[in-house]
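J.: Here's the letter readout for the chains.
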Amino acid sequence: MRPARGVFGLRLLLPILFALLASSAAYAAALSMASGSVGQLGRGEAPVDRYYVRLLSASITVNNDAFNNRITGGSVSVASTLSGTYVVTITVSTSAGSRTYTTTASLSPTPTAITFTLAPPLPYTAPGATISVRADPA
Amino acid sequence: MRRRATVLTIIFLIMLAPLTAYSLFISIAAVDPAAAKPAMEYFLGKNSIRFYDQNEVRSVSLSLSGATVSGATVQFYKRTAGTYYVRTTVTLLDAGGNAISAGAACAVYDGTGLRTATVTFSPAAPIEEVYRVSAVMQRVEAC
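As you go down the protein sequences, you meet chains A and B in turn. Residues 1 to 138 in our numbering are what the first sequence spells out, letter by letter. Residues 1 to 143 in our numbering are what the second sequence spells out, letter by letter.
Calculated directly from the structure, the hints in this document are not laboratory data. Computed from a predicted model, the values in this text were never measured in an experiment. Incorrect hints may have been included.
For each label pair, taking beta carbons as the anchor points, the in silico distance ranges come out as [unchecked claim]:
| id | chain 1 | residue 1 | chain 2 | residue 2 | range |
| --- | --- | --- | --- | --- | --- |
| 1 | A | I16 | B | A95 | 57 to 65 Å |
| 2 | A | L21 | B | E128 | 19 to 27 Å |
| 3 | A | L20 | B | G66 | 55 to 63 Å |
For glycine and all other residues, C-beta sits at the position ideal for the given N, C-alpha and C.
Make a model of the complete structure from these sequences and hints.
T.: Next comes the structure, spelled out in structure tokens:
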């Protein structure tokens, strides 16, 4: 009766082995079929959506009309070619320094107005101010 | 027999190991969109020639024709009193800082306060190529 243990072991393992082989082959076949429609798999070209930020207008508000005035805030009109929720970072800089304002907004190809405030206000010095708007997926 | 069973068990385990990789689920939808152009900036000019030209830009708005920038409206604060010509220039720059289009408008303005200038770009530029918009003005003797 002792030799029967090895035989039983083989009888038990071989079907499992073949089942694994079969399932592995089936999965590999399914994966290769799926990869045909997903360019990211092994083709070097990702079908990841790409977006362009469009800053359509920018304006500043100042504390007064004197030459040595300060920028207290402003508003921008921004759009993205790809609709979604973005972290929008607005940076205003002059020769006196820079301020950053960050918010989360839903952007789409239709422009969205974002009003921002700067704390503390930034001196509006010559030769001017740069307003930079950056949008990253939230 | 025992040796054969051991070998088969090892083979079984070796085959099982790669299968764990199949249990990983990678969702393409979870991949963040790639940024082709994640940022844009505007430069609003301010002049500092005392008693002559201390005007400053307060806002710039682009006009689009589809995906093409055709013009811009500039609002500036005319601080230096008097009646004189002001030339407003808006330049569109690409990612490398090169000008791809520009437009200018020249008109006579008087008094002080917010004033508006409208420029037309030639040639019109695709908005996706515009990374920086520069709006400056300058007092001139004649247009």
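J.: Which of the numbered hints above does this structure break?
T.: Result: hint 2 breaks, nothing else.
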